[in-house]
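Got chain A sorted already, so can you dock chain B onto it with the hints?
Just so you know, the sequences run in chain order A and B.
The numbering used here applies: residue 1226 is where the first sequence begins, and numbers increase by one.
The numbering used here applies: residue 1226 is where the second sequence begins, and numbers increase by one.
Keep in mind the hints are simulated off the structure, nothing from the lab.
Yeah, the Cβ is synthetic: ideal placement off N, Cα and C, and Gly gets one too.
Treat the hints loosely; a few may be bogus.
[Stated by the list, open to error] Covered by chain A, according to a simulated footprint, are these stretches of chain B (three or more residues, beta-carbon under 8 Å):
1. 1387-1399
2. 1433-1441
3. 1464-1477
4. 1583-1589
5. 1593-1600
One letter stands for each residue in the lines below.
There are 2 protein chains.
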Amino acid sequence: MELLTYSLENRGNTPVYMYIYECIKNDILTGRIMPGERLPSKRPLASHLGVAIITIENAYAQLITEGYIQSKEKKGYYVSDDMEMMALHTQGSGGHGADTINNGLNNIGSNDAGERANHISFDRDSFDSNDRVAIDFSVNSIKADSFPFDTWARIMRKSMLDHEAGFTKAPDGRGVEELRKAIAAYLYKSKGITVSAERIIVGPGTEYLHHILIQLIGRSCFVAVENPGYKKVGRIYETNGVRVLHIPVDEKGMIIDRLKDSNVRLVHLSPSHHFPTGTVMPIHRRGRLLKWAKEQGAYIVEDDYDSEFRFEGRPVATLYSMDQSNVIYMNTFTKTLAQSIRIAYMILPEKLYDRYREKLGFYSGTVSGFEQYTLAEFISGGYYERHIRRVRNQYKKCRQEMLDAINESGILEYINVTEDKAGLQLVFEIKPEYEKAAVNLCAKMLEAGVKIVPFSDYCYGLPGRYENSFLLYYSDMGKDMINKAFYLMSNVLKN
Amino acid sequence: MELLTYSLENRGNTPVYMYIYECIKNDILTGRIMPGERLPSKRPLASHLGVAIITIENAYAQLITEGYIQSKEKKGYYVSDDMEMMALHTQGSGGHGADTINNGLNNIGSNDAGERANHISFDRDSFDSNDRVAIDFSVNSIKADSFPFDTWARIMRKSMLDHEAGFTKAPDGRGVEELRKAIAAYLYKSKGITVSAERIIVGPGTEYLHHILIQLIGRSCFVAVENPGYKKVGRIYETNGVRVLHIPVDEKGMIIDRLKDSNVRLVHLSPSHHFPTGTVMPIHRRGRLLKWAKEQGAYIVEDDYDSEFRFEGRPVATLYSMDQSNVIYMNTFTKTLAQSIRIAYMILPEKLYDRYREKLGFYSGTVSGFEQYTLAEFISGGYYERHIRRVRNQYKKCRQEMLDAINESGILEYINVTEDKAGLQLVFEIKPEYEKAAVNLCAKMLEAGVKIVPFSDYCYGLPGRYENSFLLYYSDMGKDMINKAFYLMSNVLKN
Chain A
1226 MELLTYSLEN RGNTPVYMYI YECIKNDILT GRIMPGERLP SKRPLASHLG VAIITIENAY
1286 AQLITEGYIQ SKEKKGYYVS DDMEMMALHT QGSGGHGADT INNGLNNIGS NDAGERANHI
1346 SFDRDSFDSN DRVAIDFSVN SIKADSFPFD TWARIMRKSM LDHEAGFTKA PDGRGVEELR
1406 KAIAAYLYKS KGITVSAERI IVGPGTEYLH HILIQLIGRS CFVAVENPGY KKVGRIYETN
1466 GVRVLHIPVD EKGMIIDRLK DSNVRLVHLS PSHHFPTGTV MPIHRRGRLL KWAKEQGAYI
1526 VEDDYDSEFR FEGRPVATLY SMDQSNVIYM NTFTKTLAQS IRIAYMILPE KLYDRYREKL
1586 GFYSGTVSGF EQYTLAEFIS GGYYERHIRR VRNQYKKCRQ EMLDAINESG ILEYINVTED
1646 KAGLQLVFEI KPEYEKAAVN LCAKMLEAGV KIVPFSDYCY GLPGRYENSF LLYYSDMGKD
1706 MINKAFYLMS NVLKN
Chain B
1226 MELLTYSLEN RGNTPVYMYI YECIKNDILT GRIMPGERLP SKRPLASHLG VAIITIENAY
1286 AQLITEGYIQ SKEKKGYYVS DDMEMMALHT QGSGGHGADT INNGLNNIGS NDAGERANHI
1346 SFDRDSFDSN DRVAIDFSVN SIKADSFPFD TWARIMRKSM LDHEAGFTKA PDGRGVEELR
1406 KAIAAYLYKS KGITVSAERI IVGPGTEYLH HILIQLIGRS CFVAVENPGY KKVGRIYETN
1466 GVRVLHIPVD EKGMIIDRLK DSNVRLVHLS PSHHFPTGTV MPIHRRGRLL KWAKEQGAYI
1526 VEDDYDSEFR FEGRPVATLY SMDQSNVIYM NTFTKTLAQS IRIAYMILPE KLYDRYREKL
1586 GFYSGTVSGF EQYTLAEFIS GGYYERHIRR VRNQYKKCRQ EMLDAINESG ILEYINVTED
1646 KAGLQLVFEI KPEYEKAAVN LCAKMLEAGV KIVPFSDYCY GLPGRYENSF LLYYSDMGKD
1706 MINKAFYLMS NVLKN
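Just chain A, same shape as in the assembly (with noise of 0.2 Å):
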């Protein structure tokens, strides 16, 4: 065939082998490109858009790992004819993906509402001050007034007095002593975990710990997350100049078929609640997981992020507790306690470890000796647990109202919940023959006074497979609030 030909002036912050990727799906999916077609070669090509071989490798790389492209041996690489890929495509109008590439990322010091939902709360001030919008559930707060400041407030004036010496004393790279092990203690008896409180590392957040294992890892491979996913770790990876691969997520979790005879060695993924379809990873998916990273010598970051709050189904072991040594369990309790509270931590395998020992072991601590004393009296005094107890049975409470008010509001009609599990967000899709009344639902609903969130928000291209899917965030709506969302919704789908 010919040699394609992109203006790469139009990428804005894409990276390039990004860019040349979106380009191609796109030609892909408009039919430009033919299933059974053969692309150019690689140093052509290269040469002819004026780039490097390996950018023009990694944008095949991406093409082969999402099923678009299949590479045949001393032959080249072809458009795949797979047809059911294709069906998952042929809905969309193809160009979402390069637009959301740069979606909302011109915005700064929003009043940023919670690491699951960073990427929706990028727009809302400019939403907030057109005043229109009358129940948002766009964003993913915590009760105010479900953290304990007179407990943590008396715990820190005694931790004070307790560690007065201390503070004069930078805090360990990794974290307080005393705070890893009352993590390493909590974690074994709440998930029967069993860890030396040495190997955890604890930093003000989870994006501080990626930047950690960017500094282990090097930047010279891939690193895999799921797609639709929580979309801000790939872009952490990105920004500080590691390649990544979206892999996508099918109703058992992340397609582990599509790591193989790539360069990954790190993958992020919530096997026991992905974000944000709820999936949980069954045991045969897992285990060949484990096995192909035991294999390929590659690590996964287990993200734990909502285990406290998941109110149905069988508690499910982690990934970590099958397998120390390829797993780094990942946790914060921004999520349990407060946003304010910035501490996050995760356990490193031994390899690791002694790689951030010899690596990184000048560094200082970078979470407040202050906090670090508090949250592990707090955990170890047993107010973590007593905390969490009494959260769980708000968000209960909240999620009993969210499914009365469905129940009620006659919703039921129009769509269906795909995913209640967790305390804090519902997503449902639009049954079929209610599709046209769907398009454009968000702008429509907004019209309304009501702001939902489109579930392309979290997806990685995949235009047309999540269309008619929304996510709500509820935790800190009433019934009556929700209930007149769905009488909204129900006027806007009847017509």
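Same frame as chain A, now just chain B:
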């Protein structure tokens, strides 16, 4: 000349280009390669050693920057016959540089005593365990009783009540607005710096702020740091894949000419009070530095780490006040409040700030909201200034005791004090007539139960240059202890 042969297997964790640089430098210093001699061309040397040409280029660039070799157009690379430069080195053993690279890298979890003393504290644990140290001058600690725990706890409790709703949101990635405004007002009042709170970025320590700068500047350029200097800064950049040039410092501070013809895009220095020599960069050289930065489109990180505790000399205007488009002003509260409080900040020039918004605006805050609001009120309410005044007076008293002890001890027969203007450390050098007695002084003092710091700990290479200089952190010593230490030192030196 014949090709140089070095065994790359012995390089440990040193980057290859650094290792080759060290090897060649040693060969020059020990006379294996003579002044005026031609070095092998890059390509054959690269292929001989089995490394990339860029690796040799980087090694040569470092050697040029430090003045060891010169590039003659169309002729090649020659060992410098600059007499002044050579004179600096001929006293030295020559083997120093390569040995210091991995110094202390393997220790972790030490009682990290102070940002400027970190690499000292690396081996402090093993040292403490030998029980012989009665007087330890190697730890830069702040007196525990200087931190106003009561005031801090009271303000924190009040902040919790005032900002309760705010704590359910993640703090702005740059820091909470109240704190950024309080810092801006303080900078205006105390240093005459006018800055919009918008462009202040708060982070959990200067190390994190350097991580942010790396993401803004990229990894394709060099970063220049002072030599001698605060070695940790260079290490942060190297750990993150940025190449570092160690630029020599003379009695006026960093030698600007060494930056010429380099690909340096970021320079880290402390022009108002160089660590650890205490040099103040005079206005003429400041002008040349800023001119260079403007021409190169480079940025200068002005690290003003000890600006609150300088006791002599006229106050120096900041570089930032001379040039707001190329200078990044950086400072920390860790040194003035408590090591345990991890709050530092920097002011980004407008152009860099725009890049920050665009590329890094998606990051969540990294410092606890509780502490940010507390510090904001602590500054705005005037408590911070009061605290600084009180600590200054404590340090002044300490310093006077130190100077008195020196005068009374008779040690001035043997040493010259070369730096005593800031409240935390003292630098002295042995008088030439006692140099022989000073060989292995640190070890001899250790025998006597006194731990002092060899100045070479702050040098990258530069063998011989500071061989007879030593540093003492005396802030938690009394006059008697200091007197005793100097008595013991006199004994060592008189023999």
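Hints, one by one, checked against the model:
Given a C-beta distance limit of less than 8 Å, the hint that chain A covers the segment 1387-1399 of chain B holds, as 11 residues qualify and 3 suffice. Counting residues of the segment 1433-1441 of chain B whose CB lies closer than 8 Å to any CB of chain A gives 3, so the stated coverage by that chain holds, three being the minimum. Counting residues of the segment 1464-1477 of chain B whose CB lies closer than 8 Å to any CB of chain A gives 3, so the stated coverage by that chain holds, three being the minimum. Coverage of the segment 1583-1589 of chain B by chain A holds [criterion: at least 3 residues with CB-CB distance below 8 Å; count 7].
Counting residues of the segment 1593-1600 of chain B whose beta carbon lies closer than 8 Å to any beta carbon of chain A gives 4, which meets the minimum of three for the stated coverage.
Hint compliance for this structure: every hint is met.
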